[in-house]
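K.L.:
Line by line, the protein sequences are chains A and B.
For the first sequence, the residue numbers in this note's numbering are 530 to 774.
For the second sequence, the residue numbers in this note's numbering are 530 to 774.
Don't take each hint at face value.
Here are the in silico distance ranges between beta carbons for each label pair [stated by the list, open to error]:
no.	chain 1	residue 1	chain 2	residue 2	range
1	B	P576	A	A627	44 to 52 Å
2	A	E632	B	G631	35 to 43 Å
3	A	R690	B	L662	51 to 59 Å
Since the hints were derived computationally from the structure, they do not count as laboratory data.
Heads up, the beta-carbon is just placed ideally off N, CA and C, and yes, glycines get one too.
Number of protein chains: 2
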Amino acid sequence: MHFTSEQRLDDGVIEREFTLGEIPGTLWTPGSASASTPAPLILLGHPGGLDKMYPRLVGRARHCAADGFATATIELPGSGDRPRSAAAEAARADLRRALQAGEPVGEDIVDRLVLPLVEKAVPEWQAALDALLSLPAIGGPVGYSGGVISIGTRLSVVEPRISAAVLFAGSFVPRALFEEARQVTIPLHVLLQWDDEGNDRQQALDLFDAFGSKEKTLHANMGGHTGVPQFAGDAAAQFFARHLK
Amino acid sequence: MHFTSEQRLDDGVIEREFTLGEIPGTLWTPGSASASTPAPLILLGHPGGLDKMYPRLVGRARHCAADGFATATIELPGSGDRPRSAAAEAARADLRRALQAGEPVGEDIVDRLVLPLVEKAVPEWQAALDALLSLPAIGGPVGYSGGVISIGTRLSVVEPRISAAVLFAGSFVPRALFEEARQVTIPLHVLLQWDDEGNDRQQALDLFDAFGSKEKTLHANMGGHTGVPQFAGDAAAQFFARHLK
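In isolation and in its complexed conformation, chain A is listed as follows:
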């Protein structure tokens, strides 16, 4: 992990860009975090494209920092400046075509788009976690927050250092992930936008039902994919405060 830039934001949050091999990422730490008082960490999931997502990511990072959390994110495979996969691009084009035609999105499209992404991204998040937890200002426990919900689901199963997750049900989920969902046991807080244009509501409810966690909460709100209300963000922050402190 090599830090490539560092700046202090107006609220005292320290923002550092880094690379982990070929993968770019960003780490935000509260001004108060130090080797003597390391901050618990929340991994910020997103749909890919760090530059485009920056305003929303930094907003989430500031909110978390105000609650005493460090946050970090990395670019997804095939997004931003990372090399594209021809197969994923073809699957994405098929998905777009189906959505524009108002057709149901076939399982094969979802599988081709999401399964290779999960396969590749999850070990990268784990490598990032290795590097991040070796920093003196970062302590445990660790949470995962956001989409892609299939990545968050797999991480919650295979990564024992993640103790709680806020999962955003805003993307299509391969059937295979439903089986994995049953193996999740950490506390979950699932966000669903009831009228999300690029999401299958019934599938999201089925996935919520499938999670094996004894403590799981679904918060459904009105509006489209990007319309998560401020109070829903506050509730997610309270979930992490309950479980990561």
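Here the structure of chain A is known, so what remains is to put chain B in place on it, guided by the hints.
P.N.:
Only chain B this time, still in chain A's reference frame:
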């Protein structure tokens, strides 16, 4: 409205029992409420039987009082010491029989049980509201919190003094109420226990979908009918703090 008893609880909350005609009820006011600083009011809905429900009702009342709210409840028609309706008792027996046999609960049973209850209870809650809002320690705005969700739905449509509602999706809902749900426009916070033994989950999700409110939130949690977790109660309190203050 005649007050029949008054006591100050250990946290300073004043609990007063009253009768409104033949209907018994209870009013809780924060120790700080007075004619010069009247408290906003939350009506506490429940499934009937004030005596049996008292421990849970007073718990909710204390929680609300700590947030500065007065709360009040009245006995439901056919519950507690109020005269039974033979038709409602017959419907209740049919419901119990269907549930015990693991059979689907027919629409006719739900209609016979719930529709007359809504017809009778809603004007009683409105009469209670008239009396309560005439007390100097009680101000507006007013919220409704709890079940019976069909009563809360009808009240939200017909009673303009209610500005926000926390509705507990824990009872069967007549089809006719789904049409009324579309007419609800106030902010709603709907609580659903995912594995509620006496509730139809899909029907609850359909009812949530039907509500016409622009701001509506569904909070689904694990566990049975009475297992609403503490943090879900806190979230409902925050909803009222946002809308009634």
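K.L.:
Each hint needs a verdict: does it hold in this structure or not?
P.N.:
How the hints compare with the structure:
| no. | hint | verdict |
| --- | --- | --- |
| 1 | B:P576 to A:A627: 44 to 52 Å | holds, 46 Å |
| 2 | A:E632 to B:G631: 35 to 43 Å | holds, 39 Å |
| 3 | A:R690 to B:L662: 51 to 59 Å | holds, 54 Å |
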